[in-house]
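Produce the entire structure from the sequences given, and follow the hints as far as they go.
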Amino acid sequence: MSENVRPVTILIAALGGEGGGVLTNWIVDAAARCGFPVQSTSIPGVAQRTGATTYYIEIVPVPAAELGAKRPVLALTPGLGDIDIVIASEFMEAGRAIANGFVTPDRTLLIASSSRFYVMDEKIAMGDGRYDHKRLADAVAGNARETIVFDMSETARAGGAMVNAVMLGALASCGRLPMSPDQLAAAIRADGKAVDANLRGFEAGMKAAQANRPSPAGDGKCGTAYRDRIATMEATIRAQMPAAAQDILIEGVRRLDNYQDAAYAQLYLDRLAPVKKVDEQAGAGGRLLRETARHLAVRMSYEDVIRVAQAKADPGRLARIAGELGAAAGQPFRVTEFLKPGIEEFCQILPPRLARPILAFSERRGWLDRAYFGMEISTTSVTGYLRFRALAGLRRYRRGTWRYQEEQAGIEDWLALVIEAGGRSADLAIEIAECARLVKGYGSTHRRGSANFRQIEMRAIRPVLDGRLPFRQGIDAVASARTAALVDPEGDALQRCLDALEHKSMREAAE
Amino acid sequence: MERSFAKEVEALKLGDGEVFRGEGILAVTKALLQSGVSYVGGYQGAPVSHLIDVMVEAEDLLHKLGVHVETCTNEASAAAMLGASISYPLRGAVTWKSIVGTNVAADALSNLASPGVLGGTMIILGEDYGEGASVIQERSYAFAMKSSMWLLDPRPDLPTIVRCVEQGFELSETSHSPVMLDLRIRACHVTGEFVAKNNRRGDYSGLNRLSGPPRFDYGRLSHPPVTFVQERLKVEERLPAARRFIRERKLNEIIPGEHDDVGIVVLGGLTNSVLRALERYGLADCFGASRIPLYVLNVAYPLVPEELREFCAGKRAVLVVEEGHPDYVEQAVNVELRRADLQTRVFGKGVLPQAGEYSSAVLLKGLAAFLAEVKPAGIDTERVGATAARIFAHVPAAAAAVGTLPPRPPTFCTGCPERPVFSAIKLAQREVGPVHVSTDIGCHSFATFAPFSLGNSILGYGMSLASAAAVGPNMAKRPVAIMGDGGFWHNGLITGVASNLFNKGDGILIVMQNGYTSATGLQFMPSSKAGRSGNAPGMDIETTLRSLGVKWMRKVRTYSVAKMAATLKSALGSAERGLKVIIADGECQLARQRRVRAEDAARLAKGQRVVRTKFGVDDEICSGDHSCIRLSGCPSLTVKPNPDPLRTDPVASVIDSCVGCGLCGEVAHAAVLCPSFYRAELIRNPGLWDRMLFTVRRRMIGWLGGRVGEAAA
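First to last, the sequence lines map onto chains A and B. For the first sequence, counting from 1, position 415 maps to 414 in numbering that gives the first Met the number 0; every step adds exactly one. For the second sequence, counting from 1, position 188 maps to 187 in numbering that gives the first Met the number 0; every step adds exactly one.
For the record, the hints were derived by calculation from the structure and aren't laboratory data. All values derive from a computational prediction rather than experimental measurement. Any given hint could be a false lead.
[Claimed, not checked] Examples of chain A residues lying across from chain B (beta carbon under 7 Å, computed):
{"id": "1", "residue": "97"}
{"id": "2", "residue": "98"}
{"id": "3", "residue": "100"}
{"id": "4", "residue": "103"}
{"id": "5", "residue": "119"}
{"id": "6", "residue": "142"}
{"id": "7", "residue": "249"}
{"id": "8", "residue": "250"}
Where is the CB? At the ideal position from N, CA and C, for every residue including glycine.
Here's what the structure looks like:
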């Protein structure tokens, strides 16, 4: 038996449609050209359809000519703890390879793209369903012998190439393959398809891997530039508000000035004054103020027809879309919007005296969820643009609209709960403040969210504030009801959660 | 078919001494030509689709060799083709995905195996088992046993696979029995090389036709009274002949080893995995030499009792490595050893799991358990145990560090025409409440995954309508059956539609008319708009259904979500009894993109006008509720971090892979979602009118305070 020859083993984790098969062929071809015995297998099946897929390669790093009559017998399945290189085109797939035991600290070089291609379960969550990026990053850092992590997807995009070429480049520069970078590049040339783009991606991948850039944080936020017309308000915030809440307050003031006017921004600050007071009393260190301020700004900039029109006709928007399309200067493009306002949307911009009877009448007739007016409007045409401009111009009448009155009433109710709770416990108040997340969106989404909030108010928040539910338990109850409300659009999880809560408190009362 | 296999076709032309490099299934294809087949047929399905795909594209080469290729409409028609070899010295091969294809073919196979064959016949089975499989997990082995067909399970190594094909034909002819060649998924896709031989013309073929049928011979019919004789012939003549051939030609292999008080009996297809597991315990090397003797069954059925006895004689224990349930080989080994009165203990299921694929981890565990139990002389089993413990120690901690990851199943392609139908069903259900949905095989079965999670049963290819036959009469609401056009022609037309009409059934059938059997790799089928030789086959689903007597029929463009939902609601609510058919019409986007991209590139190169469409979402307007994703599920519609510092929930985002199918706009409209979607169209090589219009609009909007044009820096 020959003890010393062992194949170099490579596991490729990719998504269908990324060209993992082509990447595998390049590697196999390069190895064969060098005379190394090589074998690959794959589970391609229905992989073209963005499912997770793997390819497995074994290369014997001794030319067949030197092995004489001996022919290696290579494995078809990757082995636990038997992998030299794992390369993953996506961060969660790197995590999957680790969880499956293919990445080991004694042996494996893990080359992973820090980019995420979210899976369906993450995307369909009603709130934030994304998997904990830091957890994946820690697992990547803590389980391999060496790691090379960079954003392959961005590297590919910047180089105008497919991600598989970038992956080959990363493999070429890692120094663990028995083939040289030139030999791998030769495989791209021999393949003869999209050679220039693939070589660009290959070079970019090599460079990025050499630089071994640390993975960028998964949820980086970019700030938004606003005009600094209301500098005085900002100065007041900086002078008087707790440091922990200042950035949010400034952002809020700017947003509401842009949304409505400076007076509306002032209303925002006024509304927060009592919150600041209870925050201080409770010793929350600005935490309660910060969270309430964040949600209050979002709630006060609720999405009505005027807001949508403002956004659609924003001067920077069409330029941004042109950039996304890659339009050259002067190159014609068209942008078409999909709108389907209903009776409620029209009533949004009417005064309450007119809106209420119309809505009541429509509701009796069962029109509310039926009568919609679908339209496709081109913002790049003059008439289309004018329509949005005209709608956006209604901003100055917003305070007189039915929707404004409705929203402000809702905001006041919610704030009152936060303040009342804040007088007793900052934690409870923060949980209530967080419930503002439920009220968002348009049409049925908005109605569903508002109804959920009212349910939680009635069946969890009020009982705690009225002393029918112990405090600790109440805080948990509000938090879990809020989470449950975001589980499914049908509201089943929320009902179950609230039923369980009431059942439990009744049982306890009986005891 | 839109994909080109030109490179693969070249590999089929290799001659004596040239080195073939490629995948396992292509090696089989080449081996068929080297064996002098006169005809080839099959029904596509992973992992054997390429065999037929490549054969179809190799039309010229096959013409020269006189090989007839048939792209059958289902596996039963493929199996029936083998009838040509019952009375004539014609070698032939057919292929399909197993177990499902073998199930469909079973009637013909039984009727083929009973009279037996004169010409060599081979059935190439893509054993869709284990990781990556898309069908129920059963073994093909039972079919071989019950019909007396021989089952080859070659070592996943190209020279061995090729040898098994070539000798398989001889085995078939010697024993007058059909032979099955069983290839697992990874074996079909394994790459390697072998030294090729010249292709051979069949003795009789399209180039040298038979003059006519032989004299009438009742013995060639599977019809009583000869069926009773045939049953006896199977066991008394054909089986012994097969065993003789297998033994003489050494189809099975013995790998000797110094620790010969124990041994391993392994099915050919699992040999490499077993050798690697042994290697990790220091009991084998990477050239296939082992310290423990191996008996490699390249022929899984029948077992050769003499060979088995010789291997087991003098051994205290053997381990049978056989994937899946039931343990046919293990049972047979036990019986043969009993008959020979050999006291060798037989291990198998027990140290190895009863169900599931034998992955590297499973074999490492099983071998360690076997060795710990039997303690072969000279093997430090404690060291083996320690090695196993070390290998497995890392896994729980690694898995815990990562956490439970959500799955990433395959899904409808970006722009798929079938996805909108499920958006429509979801919307219709909001109004009429849940309905029974009987699902079928095909891309549309991806609707069983999130975000649709639709479907109450899957009963097989083309079976959806038939599987709802007893649901409708027992339920308040009409059931809905989903069927692809592939499934319609494979089976659904007769099994489903004809049976429903014959029984004056009710219910709704949605036929996805995308023009190809897409899930198996975009093959043409009877109602495709094009065919193998360029011309459309000319069959039409709508005409066919009308001629059968379907009265209620609507054809709806799939992307029209609102119209589809309305049509479905009217079908559900209609007072009229009888089958209601909705033809959901939309070309497979994968095929369309392959065509359109090439056309666009050509137009661009010629300086002609091309419009590129992409959808987008306005971050500020998106509420982060993701209703749109729950109704669409498009891979290019995803989420991204919210750029707004005041909001934490991610917003929807359309990424570059968008093909502009328009579904997100349709869904936003049909479901009255948020107004954040927009369609952006970039005009490349714009004409004079495009430029003028754009310039005028840009100016005017500029005067109005807007900005159109150059991207912000």
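For each hint, the structure was consulted:
1. 97: Holds, because the Cβ-Cβ distance from residue 97(A) to chain B comes to roughly 5 Å (cut-off 7 Å).
2. 98: Nearest chain B Cβ about 4 Å off; hint holds.
3. 100: For residue 100(A), the interface hint holds, since the closest Cβ of chain B sits about 4 Å away, which is under 7 Å.
4. 103: holds, 6 Å
5. 119: Residue 119(A) check passes; min Cβ-Cβ to chain B is 5 Å, inside 7 Å.
6. 142: holds, 5 Å
7. 249: Violated, because the Cβ-Cβ distance from residue 249(A) to chain B comes to roughly 10 Å (cut-off 7 Å).
8. 250: With Cβ-Cβ at 5 Å, under 7 Å, it holds.
Hint 7 alone, counting from the list given before, is not met by this structure.
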